Amino acid sequence: MAVHLKSDLQETHEINVTPFIDVMLVLLIIFMVAAPLATVDLPVDLPASNAAPHEKPDKPIYVTIQGDLALALGETPVKRNDLVSALDGLLGDKSKRIYLRADTSVPYGEMMAILERLRAGGYLRVALVALDAGGKEQAPQ
4 MAVHLKSDLQ ETHEINVTPF IDVMLVLLII FMVAAPLATV DLPVDLPASN AAPHEKPDKP
64 IYVTIQGDLA LALGETPVKR NDLVSALDGL LGDKSKRIYL RADTSVPYGE MMAILERLRA
124 GGYLRVALVA LDAGGKEQAP Q
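So for the sequence shown, the numbering used here puts the first residue at 4; every next one is plus one.
It is worth saying that the hints were derived from the structure and are not from the lab.
Computed from a predicted model, the values in this text were never measured in an experiment.
Any given hint could turn out to be false.
Simulated restraints on C-beta separations [as the list claims (entries may be wrong)]: (1) 64 to 115: 16 to 22 Å; (2) 37 to 15: 32 to 38 Å; (3) 77 to 115: 20 to 26 Å; (4) 20 to 61: 52 to 58 Å.
Cβ coordinates follow ideal geometry from the N, Cα and C atoms, glycine included.
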């Protein structure tokens with residue numbers, strides 16, 4: 004004696020979109036609440052920049068300000084008073100871009116003093132080097 008069970012229920016092959024819409028509306032509300040919290044509270048009028056990206060040269064010239072405020076041109080230590088003359092001897096062309104790296108412990112005034120020294124020496128194309136999110140050095144483009 005065999006028992007034969009037959010189901011009267013059939014499978015439906017349609018997607019129920021109601022839970023999907025509910026989830027999307029909840030996410031929309033979360034982003035609408037979180038977006039104003041992510042903005043900066045300080046009112047700053049930033050200048051617009053339309054600078055085109057620059058290619059990084061094969062051998063960039065780095066001026067480094069170390070944590071103890073010592074200067075280095077490339078890997079060579081240099082005195083503050085000799086910075087411009089060392090750059091003149093190395094480059095000869097004041098239109099080349101110089102990359103300025105500074106330790107995070109360097110005071111802002113010290114970095115500005117070096118930038119002023121470079122400007123007074125005729126070096127006007129100075130790029131500041133920072134770390135990107137991955138920890139690699141990256142100059143602004």
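Okay, the hints, checked on the actual structure:
Between residue 64 and residue 115 the Cβ separation comes to about 20 Å, which falls inside the hinted range of 16 to 22 Å. In this structure the hint that residue 37 and residue 15 lie 32 to 38 Å apart at CB holds, the actual value being about 37 Å. For residue 77 and residue 115, the hinted distance range of 20 to 26 Å is satisfied, since their beta carbons lie about 22 Å from each other. In this structure the hint that residue 20 and residue 61 lie 52 to 58 Å apart at CB holds, the actual value being about 56 Å.
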